[in-house]
Amino acid sequence: MSTDMKRHWFYILLSLADRDRHGSGIVRDVLDLTSGELRLWPVTLYGSLDELRGHSWIRELDTAPDADQDRGHRRWFRITPQGRRALAAELERMQTLVSVAQRRLARVGEST
Amino acid sequence: MTRQPERRSPAIAIYRALLILLPEDMRERDGDEIDTLFADEVRAARERGTLAHLWFVVAAVWDIVRRAPYEHWRRRGRRRNEESTMRSFIADLRFAVRSFSRQPGATALIVLTLTLGVAANTAVFAIVDGLFLRPFPFPHAERLVYVNERAPTWNLEFTGINYPDFHMWRQRARAFEAMALWNHTSINLADDAGAERADGLAVTYDFPKVLGVRPILGRTFTADEDGPKPTRVVVIGYGLWQTRFAGSRDVVGQSMRINSVPYTIIGVLPREAEFPGNTKFWVPLNGDPNQEGLSYAFEGLARMKPGVTVEQARADLSNAHAPIWAAHDTARIVSPRVSGLREQFVTEFRVMGKALGAGALLVLLIACANVAGAMLARSIFRRREVAIRMALGASARRVGRQLITESLALAAFAGLAGTVLGRWGIYLLIVSAPDQIPGWVQLQANGRTFAFAMLVIVLTAIVFGLVPALQPRRADVAGSLAWGGGGTRSSVGLPQRRLLDALVVVEIALALVLLAGSGLLVRAYGHLRHTDPGFRTEGVTTFQLALPGAKYANGRAQQQLYSTLIDRLTALPGVQGAGIVSCLPFGCHWGNFVRAEGAPPPSANEANPVVLMRLASPGYFQTMGIRLVRGRFFAPGEGRPGGPRPVVINEQLARQLWPNVADPIGRRMGPNSRDTTGIRWMTVVGVVRDVRHYGLIQPMRPGYYLSTTDIDSTDSYGYFGVAVRSTSDPATVAAAARATVRALDPELPLIDLQSAETAVNRSIANRRTIAFAFAAFGAVALALALGGIYAVLSYVVGRRRQEIGIRMALGARRGQVLGLVVRQGLRLVAFGVLFGLPAALLASGLLSSLLVDVSARDPLTYLGSIALLAGAAILSALIPARRAAAVDPKTALSDG
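First to last, the protein sequences are chains A and B. Counting along the first sequence from 1, when you hit position 43 you're at 43 in our numbering, and nothing is skipped either side. Counting along the second sequence from 1, when you hit position 183 you're at 295 in our numbering, and nothing is skipped either side.
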């Protein structure tokens, strides 16, 4: 992936990276991750989940895990190995971006 | 099962109504979840206050409105993409079918060509897989080795194993987990339905451990039961358990009559234990480590410890054998030999498998070259079509995909047909080599053969599809269009012409390899069929009898039965003679050492070839049509225990014992021992032609015959072959023989009842199979190569119509035009032969071990193959040549 990943895709993948979640769980986790800055609205969330599934980056679980407390949510999602790779690639891209920017800014700092 | 929010708020109602804006499939799949999620969140927002609640609802509605168009757009794009890929594939396929159906003949030819190639490979692969690739059905079969002994000075590669030797090995060898001996034995099982013969093994107690099989029921022998004293216990195989005991579980402990003696059944072994083929029961071998005299009778099987190689096992066994050499074989005449199981049992098929595999591959290559040529010719004719498509915007990739689709469609069709035909080919190959292959080797079409066929198909499609598919990339669009009318000028497409020529030259070269190979094999088989076996097969029927010791206790009793049998057989209508012999041709071997009277016994290192000993009745020689060279056969009743011992020797023995004597009649020979006191000298009364006792291919050994009347009452010769010569047809003779034996003893089965002709044919069935397979390969190769020549010349004539028209207008005669085209064909053949001849000479080296009386460089075969190719090439060139000669100069020129 050379192009930037959509922001909400990135956070959904990141949210699923540590455990399987249902839609509501993703929403709350992403709110936590971004300190309330990014809220995934329902249609955007499920539309994005569908797109991620189209990329085979996530898949839907056939049965809900045992520790299911939100019994109303029937659909659980899990990140796939491809999804993890995509996430890692995006992280790397961001890191490169950050380090390039930091080097440039550091030089600017020296010269001033 | 939607979860309803506790309170139906107007916000939720509005939100739910707005979801209608979303695409239908999204509503269906995600509607409930979106609804629930919104309801959960909106409740939490309400608790934070009215403003927060309001803001939340607005933002959520905005989410629907903003996202809905995107979702619609996204779906349309996806659908269009899927549709267009699918639609273009179907379009390609339909286009392919249409363009193929415009040339049904050419298409059928291409499919047929590929089908033959795939079929030949599937069939041959099934055989090769069963023999060489698939593991044998025993756990860790790679650790199993075949053990025997060898004695080069006796001219024996396999002597059989001496029990005391084995006993020593078992104590001293370190490289093996277990080691066992076996000996073929067979029994008469008689019941009301008649007598039946069952093959079994006498084995040492750890035989099942070596194979790695466990009894399904009961147990196998203990070491005690396998002691020197015979024990009457038997383990039966799965087959016998099912057929004679209906799979009953309380068979263990029951009694079974073996050769009229009761044995106790102690266990049942599973089907895979039926090694080395068709074994129905096992009895203890009861070998004696202190046995007197040297008897080499057994075969051995051993399981090596994990990680031990065959070489290490060989060295270890040699080491274990050392005390025996030290004690009574200082010249090391007999030594142990170890070989891999596969090597031992399927070696004779290795050359055959390789040759068949190579032959099938060549056929496939020729088929590929042929189809590639046909496709290339098609693509050249379609240059204009391709150019137009590309000018209208089709990418080279798109056009290439079209061509690949066509190749794949053809290959898939031919692949299916080839797999079906291949199964039939397997059947043909197996039928033509009936009982030559060990029973536990499975030959059949299965998942592996199917996978192999699929691989062949895909590779084929790539090979023949690649050449034309590469064309559009190189196609000069503008040039093709500018040239106009479908390429009638001779200057067009020279590189393609060269490629086409090259393909045909390759085909001819490969076809020559196959033709020469099949020619050599067929000639060798012809020689083999006309090899004189040393006896006359016409009208002779043979079978064997095994007299159980319990009923026929000694030589006398046995002799009594045989003489009555011969009398009764001779009295049958149409029967000209009958006789018995201890070993029929292609049957058993009974070795002995003899020397001429007065000659010194050979020193230890001197060659001391084993001599084949047979006992024959006086009528045996005439019955079999064995020619007398000198002297006479036995007179009736000649040769009595205690009396003088007449002997009939074969020409080889005469040469060996008395190399400088013209007439050995009256000379005496005796056993090859140093101590000559009290031995019964044998006096030569006759010299006969050599009989090819070990098969038509194997060399004959020196041999001699003693009279059956010489059998002592203490001897026991329970196993004998019977020969009958009759003018009646073989089926009648067989039925009469069966009835005669049954009248004498209803419990005696007739073993291997067959005509001598059949026995000879069976001994060379392998060679027939391979000659037959190669002849088929050769015929297919020839047909394909001719098809290639025809296609190229047709193409050339089509391209050069205009030029030919000019020539004819300028006064060229019909014959000259004919010659022009035919010469082109012969030029291709000449190039093909140039490359093919060295390849054929090289390849036939592979076949040399299969060739009898024919040199791998037999000039007649090569010249014949070349002549056949050239002659057939002229014939196939004549059709396009006549078409060329029929060109009307006026129309040809006005076409331009």
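Treat the hints as calculated values from the structure; they're not laboratory data. Remember, it's a predicted structure, so these values are computed and weren't measured experimentally. Some hints here could point you the wrong way.
[As the list claims (entries may be wrong)] The calculated label-pair distances, taken between Cβ atoms and stated as ranges, are:
1) 359/B - 17/A: 57 to 63 Å
2) 251/B - 4/A: 28 to 34 Å
3) 251/B - 95/A: 31 to 37 Å
4) 126/B - 31/A: 20 to 26 Å
5) 17/A - 528/B: 45 to 51 Å
6) 423/B - 18/A: 28 to 34 Å
7) 177/B - 7/A: 15 to 21 Å
8) 418/B - 94/A: 50 to 56 Å
9) 95/A - 200/B: 50 to 56 Å
10) 418/B - 18/A: 18 to 24 Å
11) 17/A - 125/B: 51 to 57 Å
[Stated by the list, open to error] Reference listing, derived: stretches of chain B covered by chain A, where coverage requires no fewer than 3 residues with Cβ under 8 Å from a Cβ of chain A:
12) 150-161
13) 181-192
[To be verified] From chain B, some residues computed to sit far from chain A (all C-beta separations above 10 Å):
14) 144
15) 213
16) 217
17) 402
18) 812
Where is the CB? At the ideal position from N, CA and C, for every residue including glycine.
Hint by hint, here is what the structure shows:
1. Taking the beta carbon of each, residue 359/B and residue 17/A are about 59 Å apart, inside 57 to 63 Å as hinted.
2. At roughly 58 Å, the beta-carbon separation of residue 251/B and residue 4/A lies outside the given 28 to 34 Å, and the hint is violated.
3. Between residue 251/B and residue 95/A the beta carbon distance is about 54 Å. The supplied range of 31 to 37 Å is therefore violated.
4. Between residue 126/B and residue 31/A, the C-beta spacing of about 24 Å keeps the proposed range 20 to 26 Å intact.
5. Distance hint check for residue 17/A and residue 528/B: the Cβ-Cβ separation is about 47 Å, which falls inside the suggested range of 45 to 51 Å.
6. For the pair residue 423/B and residue 18/A, the beta carbons lie near 56 Å from each other, so the given range of 28 to 34 Å is not met.
7. Remark: the range hint 15 to 21 Å for residue 177/B to residue 7/A is upheld by a beta-carbon distance near 20 Å.
8. Judged by the Cβ atoms, the range 50 to 56 Å given for residue 418/B and residue 94/A holds: they are separated by roughly 53 Å.
9. Checked against the given bound of 50 to 56 Å, the beta carbons of residue 95/A and residue 200/B, roughly 41 Å apart, lie outside it.
10. Between residue 418/B and residue 18/A the Cβ separation comes to about 45 Å, which falls outside the hinted range of 18 to 24 Å.
11. The hinted range of 51 to 57 Å is not satisfied by residue 17/A and residue 125/B, whose Cβ atoms lie roughly 37 Å apart.
12. For the segment 150-161 of chain B, the stated coverage by chain A is satisfied: 3 residues place a CB nearer than 8 Å to a CB of that chain, which reaches the threshold of 3.
13. Under a criterion of three residues with beta carbons nearer than 8 Å to beta carbons of chain A, the stated coverage of the segment 181-192 of chain B is upheld, 4 such residues being counted.
14. The Cβ of residue 144/B does not lie farther than 10 Å from every Cβ of chain A; its closest approach is about 8 Å, which violates its non-interface assignment.
15. Separation of residue 213/B from chain A is adequate, the least Cβ-Cβ distance of about 39 Å exceeding the 10 Å criterion.
16. Its beta-carbon lying about 47 Å from the closest one in chain A, residue 217/B satisfies the requirement of being farther than 10 Å from that chain.
17. A cut-off of 10 Å between C-beta atoms confirms that residue 402/B is not in contact with chain A; the least separation is 70 Å.
18. With a cut of 10 Å on Cβ distances, residue 812/B stays outside the contact zone with chain A, its closest approach being about 70 Å.
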